[in-house]
Amino acid sequence: RKEVEQDPGPFNVPEGATVAFNCTYSNSASQSFFWYRQDCRKEPKLLMSVYSSGNEDGRFTAQLNRASQYISLLIRDSKLSDSATYLCVVNKGTGRRALTFGSGTRLQVQP
Amino acid sequence: EAGVAQSPRYKIIEKRQSVAFWCNPISGHATLYWYQQILGQGPKLLIQFQNNGVVDDSQLPKDRFSAERLKGVDSTLKIQPAKLEDSAVYLCASSLTRGVYNEQFFGPGTRLTVL
Numbered sequence: 001r002k003e004v005e006q007d008p009g010p011f012n013v014p015e016g017a018t019v020a021f022n023c024t025y026s027n028s029a030s031q032s033f034f035w036y037r038q039d040c041r042k043e044p045k046l047l048m049s050v051y052s053s054g055n056e057d058g059r060f061t062a063q064l065n066r067a068s069q070y071i072s073l074l075i076r077d078s079k080l081s082d083s084a085t086y087l088c089v090v091n092k093g094t095g096r097r098a099l100t101f102g103s104g105t106r107l108q109v110q111p
Numbered sequence: 112e113a114g115v116a117q118s119p120r121y122k123i124i125e126k127r128q129s130v131a132f133w134c135n136p137i138s139g140h141a142t143l144y145w146y147q148q149i150l151g152q153g154p155k156l157l158i159q160f161q162n163n164g165v166v167d168d169s170q171l172p173k174d175r176f177s178a179e180r181l182k183g184v185d186s187t188l189k190i191q192p193a194k195l196e197d198s199a200v201y202l203c204a205s206s207l208t209r210g211v212y213n214e215q216f217f218g219p220g221t222r223l224t225v226l
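Protein chains in written order, with the numbering used here: chain A, 1 to 111; chain B, 112 to 226.
Next comes chain A alone, as it looks inside the complex:
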C-alpha cells in the first residue's frame, strides 16, 4: 500500500461546480498535512495546510479525519483558473521518509 494515495482523476467539471478530492495516508503517526497545487510544467505551491479542526480559505475547505486517515479538499464555485493538479502531502515529523507527496489529482474546469 502506498503511503499517500490519491485518485489521479482527471476530474472534469463545469465552471461553478463543487468538487471534492480525497487523500488517504497509511501512517497513523503522521503529524501535519497539506494541499499543494501544481500547474502544468510548473513547481508545486502551497494551497493550504490542513488542521484537525478543519479550515477554510475562500472557496477552499480542507478537512482531516485522523480516525479514518484521510484528508479532503473541497472546492466550491470552480473557476477555470482552478484547473491544475492537487497534491496531498503528509509529514511524519521525524525519521526517514518523513515527507511524502501523493501522485496528485488532476482537475480540469470547463467553460
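These aren't lab readings, by the way, just hints derived from the structure by calculation.
Think of the CB as a built atom: it goes at the ideal place given N, C-alpha and C, for glycine as much as any other residue.
Wrong hints could be hidden among the right ones.
[Said to hold, decoys possible] Computed from the model, here is a short list of chain A residues facing chain B with C-beta under 10 Å: (1) P8; (2) S32; (3) R41; (4) K42; (5) S49; (6) S52; (7) R76; (8) K79; (9) C88; (10) A98.
Assemble chain B onto chain A, guided by the hints.
The following block gives chain B in isolation, referenced to the frame of chain A:
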C-alpha cells in the same frame, strides 16, 4: 523577495554521462530539499538538509546520486553515471526550519532528459 533559484532549467545528456544541478534557497531558510518528480507522479524526496547537515537521504540512490550543501546555503545535486530512468524534473525546495507546519517553497526545477 527572491524565490528559490535553480539552474540549469533544462539538460539533455546521454546515458552514462554525468550531470550536476544547482540550487540557491531563499535567504535565511535553514532547510533545503531535493525532490525527483517523474512525469505523472508526485515529487519524491531524495535528500533533506538542515543547514549543512543531512537530515534524511534514505531515498537517494547513493551509488549514482550525491548532494552537498557546503556552508549551509547553496546546494548541488549530482548524478554519475546517469540512467534512462533518471529522466525527470529535479525540484529544489526550502523552508525556514524543519518544523512540521513550515511551508516549502519550490524552485522552477531542472528538467533532465537522459537519452
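Hints breached by this structure: Going through the list in order, the structure violates hints 6, 7, 8 and respects the others.
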